Amino acid sequence: GAVVSQHPSWVICKSGTSVKIECRSLDFQATTMFWYRQFPKQSLMLMATSNEGSKATYEQGVEKDKFLINHASLTLSTLTVTSAHPEDSSFYICSASLRGLSSPYEQYFGPGTRLTVT
Amino acid sequence: AQSVTQPDIHITVSEGASLELRCNYSYGATPYLFWYVQSPGQGLQLLLKYFSGDTLVQGIKGFEAEFKRSQSSFNLRKPSVHWSDAAEYFCAVGASGGYNKLIFGAGTRLAVHP
Chain A
1 GAVVSQHPSW VICKSGTSVK IECRSLDFQA TTMFWYRQFP KQSLMLMATS
51 NEGSKATYEQ GVEKDKFLIN HASLTLSTLT VTSAHPEDSS FYICSASLRG
101 LSSPYEQYFG PGTRLTVT
Chain B
1 AQSVTQPDIH ITVSEGASLE LRCNYSYGAT PYLFWYVQSP GQGLQLLLKY
51 FSGDTLVQGI KGFEAEFKRS QSSFNLRKPS VHWSDAAEYF CAVGASGGYN
101 KLIFGAGTRL AVHP
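Heads up: the sequence lines are chains A and B, in that order.
If you're matching positions, the first sequence starts at 1 in the working numbering and goes up one per residue.
If you're matching positions, the second sequence starts at 1 in the working numbering and goes up one per residue.
Because the hints were derived from the structure by calculation, they are not lab data.
Bear in mind the structure is a predicted one, so any value in this text is a computation, not a measurement.
One should not assume that every hint holds.
One-sided and incomplete, this derived list gives chain A residues near chain B with beta-carbon spacing under 10 Å [unchecked claim]: (1) 14; (2) 16; (3) 94; (4) 105.
Even for Gly, the Cβ is constructed at its ideal location relative to N, Cα and C.
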């Protein structure tokens, strides 16, 4: 149980275009979803936290107009990288927190999406 | 502010040898602590977690970790490493301030020699 999927697993786009990444909780309702960015051989950097039906909360330094997050339902959150540039190339990982879980900080992670901007 | 330190960036062990990955945290109250493992190009998998109770916690894949409040540590151990354990290991602590966020350490990359 507690499976999180991401789609696509990898994507290549041209500079200036936008790309959308989906994050789904397959067998549970996610209270909260998180979006992380990971550079090669580095740790995860939290970009934003989203709750269903409300605006995402962005971490300091993350451009909310560039990284649009929509949490349309308890099982789906999307991250749209707008007007992508090569420096946006990275590994993006989402995670979900399970409603009613006894361990409130526990997160279930998706497999990640590799974005390459050419 | 909470923080997590993983002092070892890289560790190399021989297959069958024991393993200990270090993790130190900074947190005022009793922390929620986690160890995750990441294989190349993959997401994170939870190995084990600690919230309260017995300070020695057992996880999946034969891993265990011990919470030591006096040392602010939560080190991960495995008595006999397998080649498939080669991966990146992240220690994390639950952050205060709402939203149940996690703060991750920098990670330790484990290599296993045959």
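Status of the hints after comparison with the structure:
1. Here the hint on residue 14 of chain A is broken, as its CB sits about 23 Å from the closest CB of chain B, past 10 Å.
2. Here the hint on residue 16 of chain A is broken, as its CB sits about 26 Å from the closest CB of chain B, past 10 Å.
3. The beta carbon of residue 94 of chain A comes within 8 Å of a beta carbon in chain B, closer than 10 Å, and the hint placing it at the interface holds.
4. A hinted interface residue such as residue 105 of chain A counts as satisfied when its beta carbon comes closer than 10 Å to some beta carbon of chain B; here the least separation is about 3 Å, so the hint holds.
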